[in-house]
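Chemist: Take a look at the letters that make up each chain.
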Amino acid sequence: AQSVTQLGSHVSVSEGALVLLRCNYSSSVPPYLFWYVQYPNQGLQLLLKYTTGATLVKGINGFEAEFKKSETSFHLTKPSAHMSDAAEYFCAVSDFDSNNDMRFGAGTRLTVKP
Amino acid sequence: EAQVTQNPRYLITVTGKKLTVTCSQNMNHEYMSWYRQDPGLGLRQIYYSMNVEVTDKGDVPEGYKVSRKEKRNFPLILESPSPNQTSLYFCASSLRGTDSNQPQHFGDGTRLSIL
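Here the protein sequences come in this chain order: A and X.
The numbering of the first sequence is the working numbering, which starts it at 1 and goes up by one.
The numbering of the second sequence is the working numbering, which starts it at 1001 and goes up by one.
Derived from the structure by calculation, the hints contain no laboratory data.
The beta carbon of each residue, even a glycine, is placed where N, CA and C say it ideally should be.
Treat each hint with caution, since some may be false.
Distance ranges between label pairs, derived from CB positions [said to hold, decoys possible]:
#, chain 1, residue 1, chain 2, residue 2, range
1, A, 46, X, 1044, 15 to 23 Å
2, X, 1039, A, 60, 20 to 28 Å
3, X, 1018, A, 39, 30 to 38 Å
4, A, 39, X, 1051, 28 to 36 Å
5, X, 1017, A, 54, 49 to 57 Å
6, X, 1008, A, 52, 37 to 45 Å
7, A, 53, X, 1014, 29 to 37 Å
8, A, 3, X, 1010, 29 to 37 Å
9, A, 56, X, 1079, 21 to 29 Å
10, X, 1040, A, 46, 19 to 27 Å
11, A, 70, X, 1115, 49 to 57 Å
12, X, 1079, A, 3, 26 to 34 Å
13, A, 42, X, 1062, 37 to 45 Å
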């Protein structure tokens, strides 16, 4: 079964600084990878996804992630943090063998300091 | 507007008093699921449904029931709630099951407190 590890339950950056949220996965077959964002008192919203093809995936709000098979990673980045990026971010993995089992990481809470 | 609607958003109740959390989607999605979110554990799947009258257990089904009599609705039932079911619950739907590349659409969550 696949699984996801998010390194760092809390990340704090200054406004304008690079955002890097780490996600490593395990899967015995090619994975589908997702990043979701959760703002306070809201559900999860899809930021971006990787299925096949180009390994650098661009999402909403200036975020992007790169699928690196050799490192089993799918880290989320944004060149310049905004105050509005403060939220909790979840990495998730599924695959065509998953029997409808999408696995989520424990989440990373991003704080943006003025 | 495409959405997943959960009700209630907040509920405080007592041990043993049956409760139902409703979930409805207007996107004609086949697949629906329930998750619970607990600090440090991320989201864990409770039950999912591939289509009408087809449901199956997720990772943490104990103490929960579901039904899928109509495509748009997928209620979560706690027959005899206990304090360890205090959590934040999310309903989600997608066009097909998660063994595809379709993302899930989430409701805004239901915060349950069982005293």
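Chemist: All hints are to be evaluated individually against the structure, with a verdict given for each.
Modeler: Status of each hint after checking the structure:
1. 46(A) x 1044(X): 15 to 23 Å: holds (19 Å)
2. 1039(X) x 60(A): 20 to 28 Å: holds (26 Å)
3. 1018(X) x 39(A): 30 to 38 Å: holds (32 Å)
4. 39(A) x 1051(X): 28 to 36 Å: Distance hint for residue 39(A), residue 1051(X) holds at roughly 31 Å.
5. 1017(X) x 54(A): 49 to 57 Å: Holds: the Cβ-Cβ distance is about 52 Å, inside 49 to 57 Å.
6. 1008(X) x 52(A): 37 to 45 Å: holds (40 Å)
7. 53(A) x 1014(X): 29 to 37 Å: violated (52 Å)
8. 3(A) x 1010(X): 29 to 37 Å: holds (32 Å)
9. 56(A) x 1079(X): 21 to 29 Å: violated (48 Å)
10. 1040(X) x 46(A): 19 to 27 Å: holds (23 Å)
11. 70(A) x 1115(X): 49 to 57 Å: holds (50 Å)
12. 1079(X) x 3(A): 26 to 34 Å: Since residue 1079(X) and residue 3(A) have Cβ atoms about 31 Å apart, the given range 26 to 34 Å holds.
13. 42(A) x 1062(X): 37 to 45 Å: violated (28 Å)
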